[in-house]
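Chains A and B are the protein sequences, given in the same order. Residue numbering for the first sequence follows UniProt numbering, starting at 1 and increasing by one per position. Residue numbering for the second sequence follows UniProt numbering, starting at 1 and increasing by one per position.
I should point out that these hints are in silico values taken from the structure, not numbers from a laboratory. Wrong hints could be hidden among the right ones.
What the hints assert, rightly or not - Incomplete in silico selection of chain B near chain A, CB under 8 Å: (1) L9; (2) L87; (3) V91.
Small disclaimer: the values here were computed from a predicted structure and weren't measured. Just so it is clear, CB atoms sit at the ideal spot from N, CA and C, and this is done for glycine as well.
There are 2 protein chains.
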Amino acid sequence: MDGSCYSPLVREPLGEERARQLAGTLKAVAEPVRLRLLSLIASRADGEACVCELTGAFEVSDATISHHLKVLREAGLIERERRGTWLYYRVRPEALRTIAGALMPAEDGAVPA
Amino acid sequence: MDGSCYSPLVREPLGEERARQLAGTLKAVAEPVRLRLLSLIASRADGEACVCELTGAFEVSDATISHHLKVLREAGLIERERRGTWLYYRVRPEALRTIAGALMPAEDGAVPA
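So here's chain A without its partners, still in its complex pose:
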């Protein structure tokens, strides 16, 4: 991943292409169930969750959960691995870091250049 991905938008005016990419990834997370799915996966002690644990955790259909997982995967925010019968999901921390880093106010200075 190119270092420019971390450049906070407060540092210099965001270009059109970068704004389009960033907006696309932000759209993928800007949905309550998708945020909760991300959180549920990422907050697990081993950093991963079986799809069987995710479908039971929300009051929406399994098909809806599958759709949300697909949106998150296509945005590069999670990845999955098949082991035996089940799919296991894991958050891609570098993807979260890219969007968090882009939004962080300058004075926080916590984002590597």
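Mind docking chain B on chain A? Use the hints.
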């Protein structure tokens, strides 16, 4: 602003209400022109921009810029002040910090608890 606003979603499962609020703010930024407006305002040396500088900076109508500024303002991401003839916009860093902090991966440890 309550400290819980900074709690990264990777630390513990996000509750329903917090996910709904966070998704709402993220929806406001998940749009390319709004991201560029935020960036244009925040990256100014004095941290503010006159509306007259914003309406001329994009290939969209003044009415569209006004609409996007309204969405950002209603989400608490920017504030405005009238001085003489013009409105001046300023980013609210604490609002950016809240969403960036919520998304930051745990190992970055850059977010105050």
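The hints, checked one at a time:
1. Evaluation of the L9(B) hint against chain A yields a held restraint, the C-beta minimum of about 4 Å falling below 8 Å.
2. The criterion of a C-beta within 8 Å of any C-beta in chain A is not met by L87(B), whose closest approach is roughly 19 Å, and the hint is violated.
3. Checking V91(B) against chain A: minimum C-beta separation of about 7 Å stays under 8 Å; hint holds.
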